[in-house]
Amino acid sequence: MPFLDISSVSKSYGTQGVLENINLSIEEGEFVVFVGPSGCGKSTLLRMISGLETISSGTIAIEGKVVNDIEPAARGTAMVFQSYALYPHMTIFGNVSFGLRMARNTKEFIASKVAQVAGILQLNKLLERRPGQLSGGQKQRVAIGRAIVREPRVFLFDEPLSNLDAELRVQMRAELMDLHRRLGTTMIYVTHDQVEAMTLADKMVVMSGGRVQQAGPPLTLYDDPDNRFVAGFVGSPKMNFLPVKTVEPASGGVQLSGIAGNGTAFLPLEAPGLIGPIEIGLRPEHIRILPASGSEAGLFLEGRVTLIEELGSESFVHLDLDDGTRMTVRAGRDADLSAPTLRLAIDLSHALLFGIDGDRIRSQSGPRA
Amino acid sequence: MTVVTTRPTIWTVLKWALAILIALIALFPIWWMVNVVFSMPGEPVSLNPRLWPTSLSAGIEKIRVIFTETEYLRAYGISLIYAVLTIAGVLTFGSLAAFEFSLFDFPGRRILFGIILLSLMVPTAVTIIPTYLLTSQLGWLNTMHGLVVPGLASAFGLFMLVQFMRAVPKDMIEAARLDGASHFQIYWHIALPLCRNAMVTLAILTFMQTWGNYMWPLIVSSKPQLYTVGQVVGLFNSPLSHQTVDMVMTANLLAAIPPLLFFLIFQRKIVEGVAMSGTKG
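Residue numbers (the numbering used here), protein chains in the order written: chain A, 11 to 379; chain B, 6 to 286.
Note that these hints are calculated values from the structure, not bench results. Check each hint, because a few of them may be wrong.
With a Cα cut of at most 20 Å, we get these calculated EDC-like pairs of lysine to aspartate or glutamate [said to hold, decoys possible]:
| hint | chain 1 | residue 1 | chain 2 | residue 2 |
| --- | --- | --- | --- | --- |
| 1 | B | Lys175 | A | Glu63 |
| 2 | B | Lys175 | A | Glu81 |
| 3 | A | Lys213 | A | Glu73 |
| 4 | B | Lys228 | B | Glu76 |
| 5 | A | Lys213 | A | Asp234 |
| 6 | B | Lys175 | A | Glu169 |
| 7 | B | Lys228 | B | Glu74 |
| 8 | A | Lys75 | A | Glu37 |
| 9 | A | Lys248 | A | Glu324 |
Computed from a predicted model, the values in this text were never measured in an experiment.
Using the sequences provided together with the hints, build the complete structure.
Written as C-alpha cells, this is what we have:
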C-alpha cells in the first residue's frame, strides 16, 4: 500500500474543471515534485492534500486512511507557503511555536522543541526577532521551522523558493535536500521551475491542463518522456522538435523525409503502419556543430545563427533552419561560432518520435525509440 | 554648496492665509471659553472686553463649584461608562463581523455587506424613533444597557475594519489553520493583532462620537441619575437655567476637555484612520 495515495481525484469550481482524474502513489520518505506551467493545477493538488481545498471527487489517503473529510491540522501535513506566511506580530519563537501552543503543549515541551528545530535550521540567534527584521532566506528557514516543529507525516512546499534571488535559491535548494536526507520525511514540493524539480526530486510529476502528464524519476522523464509536452518541458534548453514525414514503412525501421526542408533519414524503429506527418525530438546535446569545411557522412542540417547565449563553460546557439524551424544547440568553448550559418550533424540514435496528437511513438519491438 | 531659496508664490500665501483664518475661526470659541472661565465674572464681556484670562483662581473656584455643587461629576462618570462600554462593544462586534466579511466566503456575504453599507446612508433621525420604541418595549428606558446597546452595531466601524482585514494575507489564515488554530483562535491570535492600529483608531473615533452624543441619551434616559455630560451641559444652557454665563462656560469647557485631550494625543491616528477608511466618522 502506498504511503500517500491519490486516487481518481478531480477538482472543479462550478463548471470549471481544474484537475481531472489524478492518480498518484507516493512512497514514504520520497521527495516528490509537482512541476508544470502556471495554471496547471499543481498548487491546487497540493492544497487538496493539505486540506485547504475540498476534493470534488476521488480520494486522498495517507497511510491507508482516507483524509478527504479530515481537518487540515489533523491530517499530519505541514505546509510552507510561497509568501512564507509568517505572523508579523509574533517573534520567531512565537511563529515556530504557534502550532504547539494551539495544541496546548506545556511550556517546557514547547521550549525544547523550538530549541531543537532552531538548532537544525540555525535559527538560535533569531528567536527573539520579528519576521520584518529577517532576510528572505532567514524567513524561509523560519517557515520551514514552523512546519518541522509539528513533526508532520508529509511536508508540503508551495513554490517556497520563488521569492528568493538566484544565488539564495541554489543555497536553499541544497539545504532542503540536506533536510530531507536528515529527516527522511515525505516531502511534496510544487514549482514551475523544471531545473528545481530535476535537482530536488526522487519522483517528478509533470502536470499540464489539470492532468498528470507523466510521473517518474527525473532522468527517466528526461530520457524517456511519454509525450511532446513532457519532452519539451523537462530539460533546459528545451528539446528541439523537427516536423518530418514518414514515407512507406521500411523493414526494420522508419523512412523519414522532409527534415528541415528536404532531408531524409532512416530510423531503426519498429513502427509498422506509421505514415504521415510526425515530429522528431532532439536534445540540444545530441546535435553537433560541424566545422565549416568537413566531409562527414550522415544527416546534415544548415541553420542561420540568430542568437548565441554565452554561459562560460558552454554556449547555447539558437538557429533558424531553412524551413523556418528553430533549433537550439549546445556548443563547447572550442566550437567555432563565427560564421553566420552553421552546419549541424544530428544523432538520430537519440531521436524521439511524436505523433501529431503529441503522444510518443515508441518502438513496438524494444523499450527505446 | 548653494542654498536655493524659492520665493513663495501668491497662491501659497493665499493658501496659508486661508488656513490660518479657518484655524482662528475654529479656535476662537474654545479660547473664548477659557477666557471667560479664567476671569472675574463679567470681565470679558464688559464694556472693555478682554481677550485673555485674568484670574486663575476665579476659574478654579468655578470648576470646584461645578464639581461639588452640581451633578456634574456623576454625569462625567456616566459618560465615561457609556463611552467605554460602547467602545468595547463596537470593537468586539465590529471586529468579529469584519473578520467574517473580509476573510471568508459565505452565502449572501455581498448582499449582507451591501445592506450594512446602505445603513450608513440612512440619517439617524430616521432610525431614532423605531430604536426608541424597541428599547422601550424591551423595558430598557432609563437603563445603562438602553443607553449603550443600540450603539454597539456600528456600520462605520465594520466598514473600517473590513477595509483593514482585507489586507491580511489569506496565506496567513491558512497557515494558522494548518497549525491547528480554531476559527476563533485565528481571529484572536492572527486577525485581531494585525488590525491593532485600526482598532485603536476606531476606539478613538467611537469615544469622540459617544462623548459628544446628545440626542440618544436625551431620549432614552429621563432620569437625572443617568444624565450624561451632554445632558447636564444642556441643563446649564437651558433658557430657564439660573446659572450665570461664566458658570455655563465652565460646564462647557469641562465637557470639551476629554475629547480635546483625546484629539491632541491621538491626532495622527485619527487622521490616519479617517484617511484609511475613506470616509468620516
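Hint by hint, here is what the structure shows:
| no. | hint | result |
| --- | --- | --- |
| 1 | B:Lys175 to A:Glu63 | 13 Å, holds |
| 2 | B:Lys175 to A:Glu81 | 17 Å, holds |
| 3 | A:Lys213 to A:Glu73 | 18 Å, holds |
| 4 | B:Lys228 to B:Glu76 | 12 Å, holds |
| 5 | A:Lys213 to A:Asp234 | 14 Å, holds |
| 6 | B:Lys175 to A:Glu169 | 16 Å, holds |
| 7 | B:Lys228 to B:Glu74 | 19 Å, holds |
| 8 | A:Lys75 to A:Glu37 | 14 Å, holds |
| 9 | A:Lys248 to A:Glu324 | 16 Å, holds |
In this structure, every one of the numbered hints holds.
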